[in-house]
Amino acid sequence: MDKILRINMGADGGPEVKTEPVGDYAGMGGRGLTSAIVSKEVPPLCHPLGEDNKLVIAPGLLSGSTAAMSGRISVGCKSPLTGGIKEANAGGQPSQMLGRLGYAAIVLEGKPKEKALYKVFINKDGVDIKEDSSLCMLGNYDLVDKMKAEYGEKVHCISIGPAGEMKMSAASIAFTDMEQRPTRHAGRGGVGAVMGAKGVKAIVVDDSGCKTREPADPENFKAANKEFVAGLKKHTISGEGLPAYGTNVMTNVINEAGAYPTKNFQLGQFDGCEKISGETQAELENARGGEGSATHGCHRGCVIRCSGTFYDKDGNYVTKQPEYETVWAHGGNCGIDDLDAIAQIDRLDDDYGLDTIEMGATIAVAMEAGIAEFGDAEAAIKLVKEVGKGTHLGRILGNGAAVTGKVLGVERVPVVKGQAMPAYDPRGIQGIGVTYATSTMGADHTAGYAVASNVVGVGGKTDALSPEGQVELSRNLQIATAAIDATGMCLFIAFPLLDQPETFQALVDVINGFSGASLTADDVTELGKSILKNERDFNAAAGFTKIDDRLPDYFKKEKLPPHDITFQVSDEDLDQVYNF
Amino acid sequence: MKNQYVAKLNLIVPSDRIHVYFSLLRHGFMVETRVGCSIKTMLCKALGLDDNYVEDRIKTIFLDAKPVDDISTVCINHGSVLALSGAMPGLAGATLRRGGQLASFRGSISCRSDGKNALSQDGHVFVKLFNVLVKDLGPILLKKGILIKKVQLEDFFRRMPDDFWRDLKSAYLNDQKISLNIWSEIEFSDIMLLIAEPEIRSKKSKR
Numbered sequence: 001m002d003k004i005l006r007i008n009m010g011a012d013g014g015p016e017v018k019t020e021p022v023g024d025y026a027g028m029g030g031r032g033l034t035s036a037i038v039s040k041e042v043p044p045l046c047h048p049l050g051e052d053n054k055l056v057i058a059p060g061l062l063s064g065s066t067a068a069m070s071g072r073i074s075v076g077c078k079s080p081l082t083g084g085i086k087e088a089n090a091g092g093q094p095s096q097m098l099g100r101l102g103y104a105a106i107v108l109e110g111k112p113k114e115k116a117l118y119k120v121f122i123n124k125d126g127v128d129i130k131e132d133s134s135l136c137m138l139g140n141y142d143l144v145d146k147m148k149a150e151y152g153e154k155v156h157c158i159s160i161g162p163a164g165e166m167k168m169s170a171a172s173i174a175f176t177d178m179e180q181r182p183t184r185h186a187g188r189g190g191v192g193a194v195m196g197a198k199g200v201k202a203i204v205v206d207d208s209g210c211k212t213r214e215p216a217d218p219e220n221f222k223a224a225n226k227e228f229v230a231g232l233k234k235h236t237i238s239g240e241g242l243p244a245y246g247t248n249v250m251t252n253v254i255n256e257a258g259a260y261p262t263k264n265f266q267l268g269q270f271d272g273c274e275k276i277s278g279e280t281q282a283e284l285e286n287a288r289g290g291e292g293s294a295t296h297g298c299h300r301g302c303v304i305r306c307s308g309t310f311y312d313k314d315g316n317y318v319t320k321q322p323e324y325e326t327v328w329a330h331g332g333n334c335g336i337d338d339l340d341a342i343a344q345i346d347r348l349d350d351d352y353g354l355d356t357i358e359m360g361a362t363i364a365v366a367m368e369a370g371i372a373e374f375g376d377a378e379a380a381i382k383l384v385k386e387v388g389k390g391t392h393l394g395r396i397l398g399n400g401a402a403v404t405g406k407v408l409g410v411e412r413v414p415v416v417k418g419q420a421m422p423a424y425d426p427r428g429i430q431g432i433g434v435t436y437a438t439s440t441m442g443a444d445h446t447a448g449y450a451v452a453s454n455v456v457g458v459g460g461k462t463d464a465l466s467p468e469g470q471v472e473l474s475r476n477l478q479i480a481t482a483a484i485d486a487t488g489m490c491l492f493i494a495f496p497l498l499d500q501p502e503t504f505q506a507l508v509d510v511i512n513g514f515s516g517a518s519l520t521a522d523d524v525t526e527l528g529k530s531i532l533k534n535e536r537d538f539n540a541a542a543g544f545t546k547i548d549d550r551l552p553d554y555f556k557k558e559k560l561p562p563h564d565i566t567f568q569v570s571d572e573d574l575d576q577v578y579n580f
Numbered sequence: 001m002k003n004q005y006v007a008k009l010n011l012i013v014p015s016d017r018i019h020v021y022f023s024l025l026r027h028g029f030m031v032e033t034r035v036g037c038s039i040k041t042m043l044c045k046a047l048g049l050d051d052n053y054v055e056d057r058i059k060t061i062f063l064d065a066k067p068v069d070d071i072s073t074v075c076i077n078h079g080s081v082l083a084l085s086g087a088m089p090g091l092a093g094a095t096l097r098r099g100g101q102l103a104s105f106r107g108s109i110s111c112r113s114d115g116k117n118a119l120s121q122d123g124h125v126f127v128k129l130f131n132v133l134v135k136d137l138g139p140i141l142l143k144k145g146i147l148i149k150k151v152q153l154e155d156f157f158r159r160m161p162d163d164f165w166r167d168l169k170s171a172y173l174n175d176q177k178i179s180l181n182i183w184s185e186i187e188f189s190d191i192m193l194l195i196a197e198p199e200i201r202s203k204k205s206k207r
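Line by line, the protein sequences give chains F and U. Just so we're aligned, residue 1 is where the first sequence starts under our numbering, counting upward by one. Just so we're aligned, residue 1 is where the second sequence starts under our numbering, counting upward by one.
It should be emphasised that the hints constitute simulated quantities derived from the structure, not laboratory data. Please read these numbers as outputs of a predicted model, since none were measured by experiment. Just to be clear, a hint being listed does not mean it is correct.
Computed footprint of chain F on chain U, listed as stretches where at least three residues anywhere in the stretch have a Cβ under 8 Å from a Cβ of chain F [claimed, not checked]:
hint: 1; region: 12-24
hint: 2; region: 34-45
hint: 3; region: 58-66
hint: 4; region: 85-94
hint: 5; region: 188-199
Far from chain U, some chain F residues (derived; all Cβ distances over 12 Å) [claimed, not checked]:
hint: 6; residue: GLU179
hint: 7; residue: GLU240
hint: 8; residue: GLY258
hint: 9; residue: LYS263
hint: 10; residue: SER515
hint: 11; residue: ASP523
Distance condition first, Cα-Cα at most 25 Å in a straight line; then the derived DSS-like pairs of lysine-lysine [unchecked claim]:
hint: 12; chain 1: F; residue 1: LYS263; chain 2: U; residue 2: LYS66
hint: 13; chain 1: U; residue 1: LYS45; chain 2: U; residue 2: LYS143
hint: 14; chain 1: U; residue 1: LYS135; chain 2: F; residue 2: LYS275
From the three backbone atoms N, C-alpha and C, an ideal C-beta is built for every residue, glycine too.
Start from the sequences, fold in the hints, and give me the full structure.
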């Protein structure tokens, strides 16, 4: 991965392609690279949908190799949802393919002078860009079928649906999975709207004739990768819980903790939770059967396989197995306890190209405003269809919970920096609230996801049972997560790292065996810090202040049942998170 | 509950269908036990769990919706709800893990011992089993029998599809054989003892 593909969509005479060496960006990947390019090359005060913004798509450092779990891909830009820097990442096949084609990143720049829609085809021979108005307003599923018919059965796609074309702030970018379905999304922050603003409907990737990236030290790399895979498989979370029940295994547990945001964050427990739990979902999927039903990977090289495939009662494919966040957003948060309805909405989100978290949060806000009743699944489906059609109401909803709350006059709008909160109420789990408040990305549970931060050497030991230290822990987690995001590794590797020192060592050996470097724990810390610093500096220059590092006021005032608790971390403490 | 009439419903099911009953264990069942003791004592004595199993597999515990860290000191009371889970993924999963590195993240809702000696007496607690623990313990507990509220069992039967009844091999109410498709006519007690055990196949039928 020694080159960057730059496409200037605003060049005179049509899109201009330039391939250049990675140069100063050498050694960076994933979020490390997207955030470096955005912070260096995008004017912080530019309009997110304007010609000066850039959309950066970067495979992880190890993508394209045989390293297990290395198929994540990052998308970066100035976010139309938050107004700050954004990195959203996804699984799927394109990351590995771009890695094998040698691209460290694709950068979409400029903006077409006329309204036009383009498709980009990339293979070993180069890059071809064509205008194609027949793609206008196609859903991701039809679009991918059309691309397969045109470019062959082995291609994979990076694409936007109608939401991206309409430049909605909840628009995602889809990446095709192993079955060439557009089910893996860089969902958060409206990255799909930026791709739409660039006039790019699809990037079609074909890595035929390309070889797997070779490690610098093949022998040690192979041995370490084997050890790493064994570690993942033997751990109770990555080897047992996640494959059997998927991420939705969290539903019962978060509900039991009283931290399951229910009916637009009004309650901490949902009566219908068991009907939509991961255990129930897995039992339903196993009973219905079908290829890859309850246990399936989101990309080749995944050994955890926390995903699956959702079929209807007649055995027809509906969507991939909806994840915990999706089941919560469109389920408990809207008072809906019907897995079939949730799966149907997930399919619509994927087809229109929408972030499921943002859309679920938005519909719950609309329900609170009286647009529909909590628990009314049919009404929720209709509202998502309004977004896909681009009706006036749909245009409002498609721009997320913050916009919808303003338009409909709702006070209880669970957002930070304009981005909707995920499936954990910060009053129940206050440390996650610290991360929601202070993340450079807006409310984001994955921003502090690297639960093994202490093991990877960030921060050191903190007293587990001390009520203090939440700020320090959140800081350490955010640093460690930024570093893992740069590798292209799935964040779920963090659990075996937390419990099995030999698996952490195996991961270090995989990275060093591949790169030929001698990475230390200090290097991990410095990498994470430098990424966060880039992002923080960009946001400051874009006008963010400490006032933006706050949860909405009502979290400090409204008590959440059953614990009847408010968010209690002080503003002064929140302001210490970036004190490094 | 001591003097309360408890009807016994014994269902014989195909061994590959036992998991159908797991949702009852996730909803929660009653366990008659000594209360006023530690959670660990209750798990080992009333549920008969091995000490190593408790330490190695039960990584997430809630007592009345509060995450527990020290199961040796936190006492269980009459009527408590005890929810048990394996280690969970995600930042939240790590946060809720007992004694975990991130326990301070949910310090405001954690369950702590009040340091007082609770009264040791007979009582009952409601137990919920989630995820990998249901897979491990479900078949054993269902074979031993679980105490379950009538309303919950009726709701469970009501939700079952037709093939649930077709799959049943036999059913007994208070040791008397009953029809397999007239559950709505069964005289339920307010609390039921439900036993669901796999059919034992004879060598002949295996062939």
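Against the structure, the hints come out as follows:
1. 12-24: holds (count 4)
2. 34-45: violated (count 0)
3. 58-66: holds (count 5)
4. 85-94: holds (count 10)
5. 188-199: violated (count 0)
6. GLU179: holds, 24 Å
7. GLU240: With a cut-off of 12 Å, F:GLU240 comes too close to chain U, as the shortest Cβ separation is near 6 Å.
8. GLY258: Check fails; 5 Å does not lie beyond 12 Å.
9. LYS263: Label holds. Min Cβ-Cβ 18 Å, cutoff 12 Å.
10. SER515: At about 28 Å from chain U, F:SER515 clears the 12 Å cut-off, so the statement holds.
11. ASP523: holds, 22 Å
12. F:LYS263 - U:LYS66: The hint holds at about 21 Å.
13. U:LYS45 - U:LYS143: Cα-Cα ~17 Å, so holds.
14. U:LYS135 - F:LYS275: Holds, at about 18 Å.
Violated hints, in rising order: 2, 5, 7 and 8; the structure is consistent with all others.
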